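Chains as they are written, first to last, in the working numbering: chain A, 1 to 486; chain B, 1 to 516.
Heads up, some of the hints might be wrong.
As the list claims (entries may be wrong) - Simulated pairs of lysine to aspartate or glutamate, EDC-like, Cα-Cα distance not exceeding 16 Å:
#  : chain 1 : residue 1 : chain 2 : residue 2
1  : A       : Lys312    : A       : Asp231
2  : B       : Lys281    : A       : Asp462
3  : A       : Lys277    : B       : Glu497
4  : B       : Lys491    : A       : Glu451
5  : A       : Lys319    : A       : Glu235
6  : A       : Lys247    : B       : Glu497
7  : B       : Lys310    : A       : Glu451
8  : B       : Lys269    : A       : Glu112
9  : A       : Lys464    : B       : Glu497
10 : B       : Lys295    : A       : Asp456
11 : B       : Lys257    : A       : Asp456
12 : B       : Lys192    : B       : Asp150
13 : B       : Lys281    : A       : Glu451
14 : B       : Lys295    : B       : Glu349
15 : B       : Lys257    : A       : Asp414
Note that these hints are calculated values from the structure, not bench results.
None of the values given here were measured: they were computed from a predicted structure.
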Amino acid sequence: MIIYLIQRSALFIGFIVTVFSSLTQAISFEKSIVKIEVSTENYDYSLPWAAPRFSGGIGTGFLIGKNQFLTNAHVVSDARQILISAHNVDKKYTAKIKYIAHDCDLALLEIEDFTDFEDVPVLTFKEVLPTLDSTVKVIGFPMGGNRISITKGIVSRIDFTNYVHSGVDSHLILQVDAAINPGNSGGPAFQGEEVVGVAFQGLTSADNTGYLIPVPVIKRFLTDIEDGTYDGYVELGISYWSLEQAKLREYYQIKDSQSGVLISQVMPHGSADGILKTGDFLTKIDGISISNTGFIQLKGNPVPLYELAERKFTGDKLKFELIREGKLIHASVTLDRLKGMDLYKVIYGERPAYLFFCGLAFQPLNQNSLTAHKLSDPSLLQAYNHHLRSENPETQLIALTHIESDLSTTWIQDFKGALLLNVNDIEIVSLSQLGQVIEEQSKISSHLHFEFSGFDMPLILDSKDALQNHERLLKKLNIAPFYFNS
Amino acid sequence: MRSSFPLLFISCLSCLLLIISCKPLESSNSQTSTHPEIAEEAKDHFSQSFIRIQSTIKAPLAHAPWQLPKPQNQYGMGVVLENGYILTSASMVANTSYIEISSSDDLIKEQAVVVACDYDSNLALLQSQLGTDSQLKSTGISLSQPITKDDTAQIWQLESQGETLTTTATFQKALMISTIGEVGSTLGYQFKASLQRSSNSFCLPVIKDEKLLGIMVSYRADEQRCTSVSLESIQRFIHTFENNGNYGLPLLGLNFKNTLSPTYRDWLKLPHDEQGIIVTKIIPNSPIEQAGIQKYDVITHIEEYDIDSKGYFNHPNYPKIFWTALIEQAYPKQATLKMKGYRKGEPIEFDVPLNQELKKHQKLIRNYFDEDPLYFVYGGFIFQELSLPYLSTVYGGKWLQNVPYSYFNLVNNELLSDLDPESKRVVILSRVIPSPITRGYTGVEGSIITHINGEKINDIHDLKSQLSLAPTAQSLGLHTLKLDREHQINKIVIDIEGAQKVNQTLQQRGLPLFNF
């Protein structure tokens, strides 16, 4: 059975034209490329107390160091069991995830007993990006099978694009016209004997557009995990306007000879918050001059200034030279992840948190709970979209996602899908705190008043009745009253 | 065969399904009965009371008012009243550039003018431009008595060759229907009827015993259900016309909820034998607030009627109907509406003023019937006033989900209110056309303009006068616009000299710089 590996957007759909070249002579590295069979467990965020559904899929990986198999994060996301097998070999090896980076769709696996692979050659990366129109070979296990398949194409484009696995990240890609299909995911793309990228996604709306994760992105991942943890991409957290009009330059006191860009937005809680300001005119980043359109020269190539942050790590510094109110200023920004962004990323491998009380189920608002319940209340959606920029983006947004049909809940059904603001005037900032507040308030107050965003009336429960109904419903449904993840 | 006919049943903005007829059809008469009680000769005479109306609609484009709207024709019917004027629906005449009336046999055609129009009641009065010289022979129809449940009426249609068609419609109930202007609701009738597609069916007369009962304004073919403007609305409209009064209905300014939940009833200390509705939100300065009503008051009686837990009352003529019907029953005869209820278990009484003041103070323009969407172009920046048609055109039906957070805040808190009496309208930067003056400014489209050169902007006229000012010595030849944007640069500066040059080129390309 062949199962598509892409969890989202089903990007690899299409007919394959795999090119079977004569394997024995063409490939000297066939043993280094492995098939990855994954059994997955997927939690249903619309029924958070339910056991996960079991499923599975096939992908490709390759050896890049001693007991280091590189593959895509999406191949091994939500995995319950991972088995690795080599081309034309029957034996399967149990593997586990050593590091996983959902933001750049890469993962590093290791197997329990590496002995059989000790003599297998390790694949190496080509240091420079391939040129446009140069040929690449993509190797993998598309649509299953025990033997590797090779497809060939040229590099059509090198660009920044969305990495669909997390839903919100964009990085550099190589676009190739080789046929890439489900099962190819995680497989290497070669120029000569060197790896130039990892196959990971494609376009359904266009023919022959496969995407590869290029070496700079892979190298960044491998460097990031050197300290034993994957920290992820850092964000500068600014937007800019180009200041090309002479009158505007005069207004912002910029000389004609000075090139640079005007900061139009500084993300609250971002790396640059409190250091750079809107209206600052950035002239240099890490000593490199910024052009009037926001480009910098990096290794002889013009790239957007953001790309400098792409290659940095948590805790790294970026130095800026800028003009603020006519004065030349130097500033240093310590880079960090924009943590609030996690709210908008797809969550993998995590059991959904919930709190069940008297027929009401509360869940933290995140990409998974939002889509699973198809939440559509305007107040809730607006609060969700704005949370990153709100005063406390670390707080959880709590939604009332489910109301059990019962005589005790019959008059409150219209609160379903609403955003909880407070309980008995206590502001709710996390699911576990909500649990505490309900527990305390139901003992000391006769009533519980839940206030929801966009609702004129509170939801009111009689504490005594609610506690009784709560116990009765728990027994009836045979579920745990809550699950809080860390 | 069916699919080759032009589309006859379409939905309109106000969620009512309106019948539109694109061209006359050769229809079979088998579904339609001739009214048995009217003899042929009498029917001929009677049919002279019906006038064909063809109107050319040029509805302004809310998101791009500088573009010329495509004219669209719609066909409907009017009824000649005893006062000689022709009664039709307001949607037949809203945003029209031309209205033509013709005799039922289509032989005489004359241009018509609108004499009176009430968008809240969806009614309009027309007369021939020729006045008393009109060649249209007509007989006036008087108004019917109210209809009762299971009573029948006839819906009249005109076929292309001049024949009249009548369809028997069974009265089901009176109900509150949304007004076409997206403000409040009004009394309407619901009938069960199996209508056939025919010409001039955009609005049709509903006749009972040869007298006018209503004007049918929507039809759902799948449910064979149609809605008409009520007799009461017609009476009020004519009364207002004859007395030179103000058209339209009052807005009270409240949100409410039912009292079904025992928990709410206990919490509000509502006596066990009382029903009614809970006031859950009050618009500041609204008639409800002026009357002294507070949030969480329960209204149990309005005038002499008991309001039930779901908000309905027993109407003397009709099956149970929603309490808002009492507003238009009292208006404009009464200056206030008497309400009784409970606050924390204690009885309370109020006189709620009935007026249309609240409607005048709406920051968000609800429709473009009486005014055009105003715009002002300056150097490639296009400014407009925020309106409901703009929001639904740009951000879709679920616009409240999709609008920028600044709009959401505004709409959520001040949808109908006049919290800040200074601020009349919300001026936005609706569009940025690429030009030397707009170069470099990205992501500013949709921003709310709060100040220009330090002066507060309350409507587009303020904006125009500020941007028309000559540069001062301190201004560096620039206008400074302050925008309502969080965590983002909140001002843009525009080079005056450059903007004037851009304006000239835009004008040369046929874009008028403003429309007011």
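Structure-based check of all given hints:
For the suggested pair lysine 312/A and aspartate 231/A, the alpha carbons sit about 11 Å apart, so the restraint of at most 16 Å is met. Among the hinted pairs, lysine 281/B with aspartate 462/A is inconsistent with the structure: their alpha-carbon atoms are about 24 Å apart, more than 16 Å. Between the alpha carbons of lysine 277/A and glutamate 497/B the distance comes to roughly 29 Å, so the proposed pair goes past 16 Å and is violated. Straight-line distance between C-alpha atoms of lysine 491/B and glutamate 451/A comes to about 37 Å, which puts the hinted pair past the 16 Å bound.
A distance of roughly 14 Å separates the Cα atoms of lysine 319/A and glutamate 235/A; the hinted pair therefore holds under the 16 Å criterion. Under the criterion of a C-alpha separation no larger than 16 Å, the hint pairing lysine 247/A with glutamate 497/B is consistent with the structure, at around 10 Å. Of the pairs offered as hints, the one joining lysine 310/B and glutamate 451/A is violated, with about 22 Å between alpha carbons and a cut-off of 16 Å exceeded. Restraint check: the Cα-Cα separation between lysine 269/B and glutamate 112/A comes to about 69 Å, which exceeds 16 Å; the hinted pair is violated.
With a C-alpha separation of about 73 Å, the suggested pair lysine 464/A and glutamate 497/B falls outside the 16 Å cut-off, and the hint is violated. Restraint check for lysine 295/B and aspartate 456/A: satisfied, since their Cα atoms lie roughly 9 Å apart, inside the 16 Å limit. Simply put, lysine 257/B and aspartate 456/A have alpha-carbon atoms about 9 Å apart, close enough for the 16 Å limit, and the pair holds. Restraint check for lysine 192/B and aspartate 150/B: the C-alpha separation of about 10 Å stays at or below 16 Å, so the hint holds.
Straight-line distance between C-alpha atoms of lysine 281/B and glutamate 451/A comes to about 14 Å, which keeps the hinted pair within the 16 Å bound. For a cut-off of 16 Å, the pair hint linking lysine 295/B to glutamate 349/B stands: about 15 Å separates their Cα positions. Taking the CA atoms of lysine 257/B and aspartate 414/A, the gap is near 11 Å; set against the 16 Å cutoff, the hint holds.
The earlier numbered hints that this structure contradicts are 2, 3, 4, 7, 8 and 9.
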